[in-house]
Amino acid sequence: MAAAAAGNTVMVVGIDDSEHSLYALQWTLLHFFSGRGLDPPFKLVVVHAKRIATSVVGFAGSGAVDVLPFLELDLERIAARVMDKAKELCTANSVADVEYEVVEGDPRNVLCEAVEKHHADMLVVGSHGYGAIKRTVLGSVSDYCAHHAHCTVMIVKKPKPKH
Amino acid sequence: MEECTVESAASGEKTTEEAKGGDEGKKMKVMVAVDESEGSMHALCWALDHLFTSTGGEVPDKTQALGRLILLHAQLPPYHLVHPVPVGPAVYATSSAMESVRKAREENSICILERASKICMERLIKAETVIIDGDPKDVICGATEEMNIDLLIMGSRGLGKIKRAILGSVSDHCAHHAKCPILIVKPPKVQP
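As they're listed, the protein sequences go chains A and B. Sequential numbering of the first sequence, starting at 1, is according to UniProt numbering. Sequential numbering of the second sequence, starting at 1, is according to UniProt numbering.
Fair warning: there could be bad hints in the mix.
[Said to hold, decoys possible] Here are the in silico distance ranges between beta carbons for each label pair:
{"no.": "1", "chain 1": "B", "residue 1": "Glu128", "chain 2": "A", "residue 2": "Leu30", "range": "35 to 43 Å"}
{"no.": "2", "chain 1": "A", "residue 1": "Leu68", "chain 2": "B", "residue 2": "Leu76", "range": "52 to 60 Å"}
{"no.": "3", "chain 1": "A", "residue 1": "Asp17", "chain 2": "B", "residue 2": "Glu36", "range": "36 to 44 Å"}
{"no.": "4", "chain 1": "B", "residue 1": "Cys111", "chain 2": "A", "residue 2": "His119", "range": "30 to 38 Å"}
{"no.": "5", "chain 1": "B", "residue 1": "Ser37", "chain 2": "A", "residue 2": "Asp66", "range": "35 to 43 Å"}
{"no.": "6", "chain 1": "A", "residue 1": "Ser55", "chain 2": "B", "residue 2": "Ile132", "range": "44 to 52 Å"}
{"no.": "7", "chain 1": "B", "residue 1": "Arg115", "chain 2": "A", "residue 2": "Asp74", "range": "49 to 57 Å"}
{"no.": "8", "chain 1": "A", "residue 1": "His119", "chain 2": "B", "residue 2": "Glu114", "range": "28 to 36 Å"}
{"no.": "9", "chain 1": "B", "residue 1": "Glu128", "chain 2": "A", "residue 2": "Ser140", "range": "46 to 54 Å"}
{"no.": "10", "chain 1": "A", "residue 1": "His119", "chain 2": "B", "residue 2": "Val130", "range": "49 to 57 Å"}
{"no.": "11", "chain 1": "A", "residue 1": "Pro69", "chain 2": "B", "residue 2": "Met147", "range": "35 to 43 Å"}
{"no.": "12", "chain 1": "A", "residue 1": "His119", "chain 2": "B", "residue 2": "Ser37", "range": "46 to 54 Å"}
{"no.": "13", "chain 1": "A", "residue 1": "Glu72", "chain 2": "B", "residue 2": "Met147", "range": "27 to 35 Å"}
{"no.": "14", "chain 1": "B", "residue 1": "Ile110", "chain 2": "A", "residue 2": "Glu76", "range": "31 to 39 Å"}
[To be verified] Cut-off 25 Å, straight-line C-alpha distance, at most; resulting in silico cross-link-like pairs (SDA-like, lysine to any residue):
{"no.": "15", "chain 1": "A", "residue 1": "Lys158", "chain 2": "B", "residue 2": "Lys179"}
{"no.": "16", "chain 1": "B", "residue 1": "Lys179", "chain 2": "A", "residue 2": "Pro159"}
{"no.": "17", "chain 1": "B", "residue 1": "Lys27", "chain 2": "B", "residue 2": "Pro77"}
{"no.": "18", "chain 1": "B", "residue 1": "Lys189", "chain 2": "B", "residue 2": "Lys179"}
{"no.": "19", "chain 1": "A", "residue 1": "Lys117", "chain 2": "B", "residue 2": "Pro187"}
{"no.": "20", "chain 1": "A", "residue 1": "Lys87", "chain 2": "A", "residue 2": "His147"}
{"no.": "21", "chain 1": "B", "residue 1": "Lys29", "chain 2": "B", "residue 2": "Ala143"}
{"no.": "22", "chain 1": "B", "residue 1": "Lys189", "chain 2": "A", "residue 2": "Glu76"}
{"no.": "23", "chain 1": "B", "residue 1": "Lys137", "chain 2": "B", "residue 2": "Lys179"}
{"no.": "24", "chain 1": "B", "residue 1": "Lys189", "chain 2": "A", "residue 2": "Leu30"}
{"no.": "25", "chain 1": "A", "residue 1": "Lys158", "chain 2": "B", "residue 2": "Pro188"}
{"no.": "26", "chain 1": "B", "residue 1": "Lys137", "chain 2": "A", "residue 2": "His150"}
{"no.": "27", "chain 1": "B", "residue 1": "Lys189", "chain 2": "B", "residue 2": "Arg157"}
{"no.": "28", "chain 1": "A", "residue 1": "Lys158", "chain 2": "A", "residue 2": "Leu73"}
{"no.": "29", "chain 1": "B", "residue 1": "Lys179", "chain 2": "B", "residue 2": "Cys111"}
{"no.": "30", "chain 1": "B", "residue 1": "Lys27", "chain 2": "A", "residue 2": "Lys117"}
{"no.": "31", "chain 1": "A", "residue 1": "Lys158", "chain 2": "A", "residue 2": "His20"}
{"no.": "32", "chain 1": "B", "residue 1": "Lys27", "chain 2": "B", "residue 2": "Lys179"}
{"no.": "33", "chain 1": "B", "residue 1": "Lys179", "chain 2": "A", "residue 2": "His147"}
{"no.": "34", "chain 1": "A", "residue 1": "Lys158", "chain 2": "B", "residue 2": "Lys126"}
{"no.": "35", "chain 1": "B", "residue 1": "Lys137", "chain 2": "B", "residue 2": "Ser96"}
{"no.": "36", "chain 1": "B", "residue 1": "Lys27", "chain 2": "A", "residue 2": "Ser34"}
{"no.": "37", "chain 1": "B", "residue 1": "Lys126", "chain 2": "B", "residue 2": "Arg102"}
{"no.": "38", "chain 1": "B", "residue 1": "Lys27", "chain 2": "B", "residue 2": "Arg157"}
{"no.": "39", "chain 1": "A", "residue 1": "Lys158", "chain 2": "B", "residue 2": "Lys137"}
{"no.": "40", "chain 1": "A", "residue 1": "Lys87", "chain 2": "B", "residue 2": "Met28"}
Honestly, the hints are just simulated from the structure, not real lab data. Keep in mind that this is a model prediction, so the values were computed, not measured. Glycine included, every Cβ here is placed at the ideal spot set by N, Cα and C.
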């Protein structure tokens with residue numbers, strides 16, 4: 001585990017399977033890490049919250065038990081894919097000193113806990129914004145983190161394509 | 001119950017030839033919204049200390065490391081202050097009263113921006129200042145669009161859920177409605 005140089009800003013970036021969060025990671029890398037050469041003054045921790053299979057299945061009943069193993073596998077695959085994409089992005093931006101974590105649980109808690117664990121100075125999340133035709137609305141995870149994380153929160157929005 | 005898989009991808013060597021086409025990384029237009037609250041000054045300090053750092057060596061102007069810094073102050077228009085009361089006698093301000101209110105507002109705004117600029121100068125960072133009239137929520141969101149801001153930085157009063165609903169939160173509003181990435185700096189924890 002790389003020790004952060006004294007005075008480095010620790011940034012935790014939360015990612016999931018969405019385009020928005022990978023865009024957030026990409027944006028962060030581009031604006032804070034690119035072109036800094038050997039020693040960017042930031043330490044990056046990429047965290048993926050893997051949902052617990054039982055929380056994803058909405059219904060209870062005999063059917064749920066059969067579905068769980070497939071769901072579990074699916075979630076594993078998603079987690080692996082997400083982390084691969086993250087690694088790709090980091091390498092593409094020449095950022096080598098990154099910590100990658102997959103933590104099982106609800107994204108809201110996982111991210112806030114990751115902030116505590118890494119003594120992060122900053123949490124970066126994307127924003128889903130489902131709904132709201134004209135105006136952007138925050139997704140529930142980014143909204144929760146903005147209020148509850150004990151550090152500075154950066155919400156990166158994916159710009160809507162202009163017509 | 002959580003399982004943690006930690007993969008550390010830190011490599012010992014970093015190659016210099018990785019610089020893609022020798023580009024400096026994307027320069028950003030950063031806007032910090034300031035008002036008279038301690039929260040926003042703290043946000044400015046935090047941003048300057050954590051984001052506008054040079055990468056070692058002597059950089060005379062640290063702003064170059066990240067891009068342009070703009071300090072925005074939203075000035076509430078004076079008619080807010082002399083709004084006629086629905087019940088009871090209406091208050092009509094004389095023109096001289098309006099003038100002095102206007103002057104006081106302007107002085108207040110300039111004072112705030114001076115304070116903010118001083119904070120920047122202490123850290124060897126150049127900043128541009130802007131004063132715009134209007135409701136802070138709308139002013140800030142509008143300014144980010146008009147000036148093509150890449151990153152908006154704001155403080156937060158750290159209000160709880162109920163107070164937010166009653167008092168309203170500018171940072172909340174901007175987090176929802178600003179089109180650009182937004183960075184919200186929480187107030188420092190109060191030591192008991």
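**Report entry** Ascending list of hint numbers which this structure does not respect
**Finding:** 1, 5, 9, 10, 11, 12, 13, 14, 17, 18, 20, 22, 24, 25, 28, 29, 30, 34, 35, 37 and 38
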